[in-house]
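Sequential numbering from 1 applies to the sequence shown in the UniProt record's numbering.
Honestly, the hints are just simulated from the structure, not real lab data.
Every value quoted in this text rests on a predicted model; they were computed, and no experiment measured them.
Positions of the beta carbon are idealized from the N, C-alpha and C atoms, including for glycine.
Take these hints with a grain of salt, some might be off.
[To be verified] Label pairs and their computed distance ranges (CB to CB): (1) K71 to R193: 17 to 27 Å; (2) Y102 to R215: 19 to 29 Å; (3) D13 to A137: 17 to 27 Å; (4) N184 to Y102: 15 to 25 Å; (5) H87 to Q150: 11 to 21 Å.
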Amino acid sequence: MLVDSHCHLDRLDLAQHGGSLDAALEAARQRGVGHFLCIGVSAENAADVKALADRYADVDCSVGIHPLDLKPGEAPALDWLLGELNHPRVVAIGETGLDYHYEPEAAELQQASFRLHLQAAQQTGKPVIVHTRGARADTLALLREAALPQAGVLHCFTEDWDMAKAALDLGFYISLSGIVTFRNADALRDVARQVPADRLLVETDSPYLAPIPHRGKPNLPEYVRDVADYLAMLRGESYERFAEQTTENFKRLFPLAHVAGSLQHCVDN
């Protein structure tokens, strides 16, 4: 069984499945995907991801504010975040983090928001899902400052081995997406070969970043199988062992997730 450890089910392009999320999830299940973590990115979509997690037995969710979804000059309120996290299907915090690639002028606001999410992680014990781009030093500095007692994950990892090693040393997991299949991703493939087996996750980040051979098309949760096949081959492992290991890693990192030992189907409404 595979887990898509990071997907945006409320944002999928469902044209391939006749506009049906049920059909898109079933297509993933038919390829061996047994669980989905639907990611919160804003105050506006928090209700949507919780509703999806309530609707499907094999979906859990996270709640948080993506650094590029912050409102100018306004960090989210800690009370709001803690309230949103108090829901049985919310198993993680985020995605949060820093992105200076697109908004370097918002660095101070992003740091304030990231610190708030890390504070929520300290108070709740829930793992934090970290987005980082163009902000390597500050991301690591804030994670070291927080000294979280529980692990988190650097999702859709695109940095080099030095950053991966620093994150691993802090207790974090590394999650890889379809980017690892891209032609120009040699440095990332080097990281993928070196991450310890018990600290690796796999994701789609759908609807973004579809892996080869689907690159250029909207990404879907079913394509996590393509990413897993590629990574297993790259690491010299069997697909079965890779799927088993990454699923166990997911359950260890997200202990509140409702992951069964076999494929589940959506709850009747």
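| message | Of the numbered hints stated earlier in the document, which are not met by this structure? | response | 1 and 3
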